[in-house]
Structure formats: C-alpha cells, structure tokens
Amino acid sequence: MGVYLDTNIFYTAYCPVANNAIADWLLNQLTPKFQGITCEWTILEIFRALKKQVNLGKIDEKAAKITLDFFLSELGEMTEEKVLKIIPITRSAIMASRKQIFEHNLYAADALHAVIALASQVKLFITFDSDFRGNLEIIPILNPIDPAFKDKFIAQQESF
Amino acid sequence: MTSISISIDEELLEWIDQLIKDGIINSRSEAVRGGIYVYIKEKIGLKNRKELKNYLQDQQKEPFQDGVEVIRSVRGEE
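Residue numbers (our numbering), protein chains in the order written: chain A, 1 to 160; chain B, 1 to 78.
It should be emphasised that the hints constitute simulated quantities derived from the structure, not laboratory data.
Mixed in with the good hints there might be a few duds.
To be verified - Per label pair, the in silico range of CB-to-CB distance: (1) B:K47 - A:E61: 37 to 47 angstroms; (2) B:D17 - A:A108: 42 to 52 angstroms; (3) A:E103 - B:D22: 52 to 62 angstroms; (4) A:I138 - B:S73: 25 to 35 angstroms; (5) B:S7 - A:N105: 49 to 59 angstroms.
Unchecked claim - Derived DMTMM-like pairs: lysine to aspartate or glutamate, alpha-carbon spacing no greater than 20 angstroms straight-line: (6) B:K61 - A:E137; (7) B:K47 - A:E80; (8) B:K21 - A:E81; (9) A:K51 - A:D69; (10) A:K152 - A:E137; (11) A:K65 - B:E30; (12) B:K50 - A:D69; (13) B:K53 - A:E137.
Stated by the list, open to error - Some chain A residues judged to face chain B by a derived CB distance under 7 angstroms, without partners named: (14) N8; (15) V17; (16) I66; (17) D69; (18) F70.
Glycine is no exception: its CB is placed at the ideal position from the N, C-alpha and C atoms.
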C-alpha cells in the first residue's frame, strides 16, 4: 500500500527550489508499510529536467551529472529499503494509457502516471502540479503546498 | 536481475554471512547492492539531500526552474 509520487516531487526534493523542504519531508515519511510508488518514466523525466537546467545555463553539465548519480543512488537505497517501489513500464500500461489520452486528451506522460497509479491501487496521488489532469477515479490528489498536507498525509499513513 | 561473480576476502564474506544469520541483512546480494549505492555517494562526496542542496546552491549560475514548470515543459516536449 502506498502513495504515488509524481516526478515533480523528486525534482523538488533533489534541487534547490521552492518547496524543497516539504518534498524532503515527504520522502523521509515513506516506510515499507506505506511506500512511495512511482514508475520508471519518472527517472527519464528527471534526466530531461536536469539537462534542461544545463541548456538554460542554470548549472553546468558536471553538476547535473553529479545530481543524477546521487539521485540514482538514493533511488537504489530506497528501493532496497522497500520504502520506494519503481514500477516498470509495460506494454499493458501503455495500452491502458490509450483510453486516458483519448478520453481526457492527456499528455502521454500524464496518462502513463495516472494508469500506473490506478493499477498500483495507491491511496494518494501526490503532485505539486495543481493542473494535473489525469483521470484518477477515486484516488485523491494531494498537493504538498496545501497547508494541511502533513496532517492529511499522516492521517492516511496511520490508517494502515 | 543479472548475476555476477566478485572477489571478496574470506573474512568479509564470513562477516556478511554472520549478519545474515543475525537478521541484520537479508542476503549477500543485498549487502553488495547496498554497498554500491553508499560507495557511489562516497565517491561523489555527498552523503544526503541536504549536502546535495548545498552543493547545487554553490554551483548554480541562475535559479533552477520550479518543479512544476520544468516537468510540465518536459511533458510538453513530446
């Protein structure tokens, strides 16, 4: 049982940006009984997000590579400790995304994240993106900038 | 997962096996995988996210893009 973590949660936790503290807090709350769940596509998006910072002249390539190596090491540790599960992208997830894309006119990545969150039966979908448009059916979307975020998260965690 | 063979001191292997018996670690593979992640961090010279944040604050030439903005733009590139 767990919570789905959108890519912007990881970017915010690993980069010196606004809301870094709450993203860091969130990653520290994950446990084997209440895991963070994301998909392999998240890793690809983080690669591209860091490369964009290089292209925009925010950091040099060496710093971006160090950040990615650190990020991958932490993902490895978190998966070993079973506080994070990284779901592989399968053909069936891609096929299920078709419906999300056509019925809700989603970007491919939004559709894929939504499909994997639904298939993983997560209790919450956590994203900083208040415009996330994936159809998550009954899964509540929580934004860490919500002043009641910590209370809501802990309440869900304690219910297991 | 792929299996590999590695060279390791007999004493170190006995210690790992004792840690498995004591329930501290689950398997030799787990010990090696965990060791790799720690080793990479040690080589990079960053132990935790706080140190990474400090490193990036020193390195950045301009403020990073916000998390929502950058991931939205990555998804819009498709």
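What are the numbers of the hints that this structure violates, sorted from low to high? Per hint list: 1, 6, 11, 13 violated.
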